[in-house]
Amino acid sequence: MKIAVVGVGGTGSAACRHLAKAGHIVVGYEQYRVGHTRGSSHGESRIIRHTYSDPLFTQMMGDAYPLWAALEEEAREELFVKCGGVLIAPQGHQDLRETLASIESVGLPFEELTADETRSRFPAFRLEPDEIALYQRDSGFLRATRCVQAQARIAEARGARIREETRVSEIVSRSGKPVVRTDCGDEECFDGVIVTAGAWMGKLLHHLKLPLSVERRQVVYLKIARSPEHFTPERFPIWIDARTLYYGFPADGVVDGIKLASHIAGDMVDPDADRREPEANIVVEAAAIAARRFPDVSDQASFTQVCLYTNTVSEDFVMDYAPDLPNVYLVSGCSGHGFKFTVLLGKIAADRVTGGMYGRDLSRFALSCFL
1 MKIAVVGVGG TGSAACRHLA KAGHIVVGYE QYRVGHTRGS SHGESRIIRH
51 TYSDPLFTQM MGDAYPLWAA LEEEAREELF VKCGGVLIAP QGHQDLRETL
101 ASIESVGLPF EELTADETRS RFPAFRLEPD EIALYQRDSG FLRATRCVQA
151 QARIAEARGA RIREETRVSE IVSRSGKPVV RTDCGDEECF DGVIVTAGAW
201 MGKLLHHLKL PLSVERRQVV YLKIARSPEH FTPERFPIWI DARTLYYGFP
251 ADGVVDGIKL ASHIAGDMVD PDADRREPEA NIVVEAAAIA ARRFPDVSDQ
301 ASFTQVCLYT NTVSEDFVMD YAPDLPNVYL VSGCSGHGFK FTVLLGKIAA
351 DRVTGGMYGR DLSRFALSCF L
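Numbering-wise, the numbering used here puts 320 at position 320 of the sequence shown, and it's gapless, one number per residue.
What the hints contain is simulated information worked out from the structure, not anything from laboratory work. Be aware that a few hints might be false.
Pairs of lysine to any residue residues, derived as SDA-like cross-links and limited to a Cα-Cα distance of at most 20 Å, are as follows [said to hold, decoys possible]:
| hint | residue 1 | residue 2 |
| --- | --- | --- |
| 1 | K223 | K203 |
| 2 | K223 | F303 |
| 3 | K21 | W68 |
| 4 | K82 | P123 |
| 5 | K203 | T312 |
| 6 | K223 | P295 |
| 7 | K203 | D270 |
| 8 | K203 | L371 |
As the structure is a computational prediction, the values presented were derived from the model and not from experiment.
Could you put the whole structure together from the sequences, leaning on the hints where they help?
In structure tokens:
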């Protein structure tokens with residue numbers, strides 16, 4: 001089959017790779033360069049974890065982990081740094097209870113660490129006396145930009161054609177097949193189309209009135225003031241703070257310092273008009289969080305970067321066929337937690353447009369659940 005993929009980010013690059021490896025004719029459209037920094041799939045680190053309070057997401061991550069391992073082996077480069085991860089929360093916190101139930105249901109190993117046990121195991125951390133750390137050893141981080149570039153590179157090696165700096169202007173139907181038109185003025189007919197346009201999804205398919213909002217987020221790298229050996233992946237797990245909704249990473253070996261960011265709602269923006277300059281108040285807030293949790297971290301930023309979230313209200317993904325176009329499959333709404341799933345979402349999309357299925361019930365991701 002001849003398949004187009006519109007948007008070659010995390011999910012789109014995965015779809016291109018899966019389709020090309022299956023022997024299909026693949027054309028990927030990317031409005032910037034593969035691995036660009038204007039969307040949601042860039043940077044040195046994105047969290048990967050099993051530990052969700054939602055059982056479906058935990059189960060889907062069980063499917064995603066082997067796919068990441070296969071990609072890393074095929075790419076022959078380090079893409080996944082397994083450093084373990086902790087969910088920090090007061091004892092009895094709802095998110096903690098639900099996450100425990102979810103990971104117990106699939107038989108994942110875990111440990112519950114007290115504040116003192118956490119400091120003994122991970123010396124950089126400071127917990128409040130009423131907090132515990134739920135530790136899961138299989139967590140870590142993905143090198144996001146490298147993952148996207150590796151999947152696109154493998155897809156091209158298998159015959160896919162990636163059209164960079166080519167913006168798709170519309171997708172229409174002709175004689176029962178989808179046609180992709182670009183701003184360059186050309187068009188091409190396909191047997192199926194996968195749309196993974198991220199923050200530009202609503203603009204491209206504006207007539208569908210998709211239930212998506214685009215938010216501006218900023219990550220901050222803070223310099224390490226003392227004991228840098230305590231912040232390496234061997235001694236410092238990825239972390240999520242259920243109380244503040246901040247999360248962060250160990251030193252990644254590329255950018256100086258440690259990265260942290262907030263999952264609290266940001267400003268809604270137009271992805272084509274959004275400013276990319278960092279905001280000083282976000283650095284100040286991140287430094288205040290770090291001062292309480294990691295006393296050996298400086299309040300000085302070494303680097304900041306903007307990324308975009310494409311959100312649904314529920315933070316569920318949108319995965320469904322476009323109602324008015326033939327064999328056009330949409331994947332969006334990753335809501336700031338989706339990169340870890342992208343290798344799986346791309347495979348699911350590739351299977352759906354070529355006649356395959358996925359073994360889990362994804363009906364709650366249907367468009368009808370959001371409209």
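Outcome of the hint check:
1. K223 / K203: Violated: K223 and K203 sit about 38 Å apart, past 20 Å.
2. K223 / F303: Holds, at roughly 9 Å.
3. K21 / W68: 15 Å, holds
4. K82 / P123: Answer holds: K82 to P123 is near 18 Å, not above 20 Å.
5. K203 / T312: 15 Å, holds
6. K223 / P295: 12 Å, holds
7. K203 / D270: With a Cα-Cα distance of about 9 Å, the restraint between K203 and D270 holds, given a limit of 20 Å.
8. K203 / L371: 17 Å, holds
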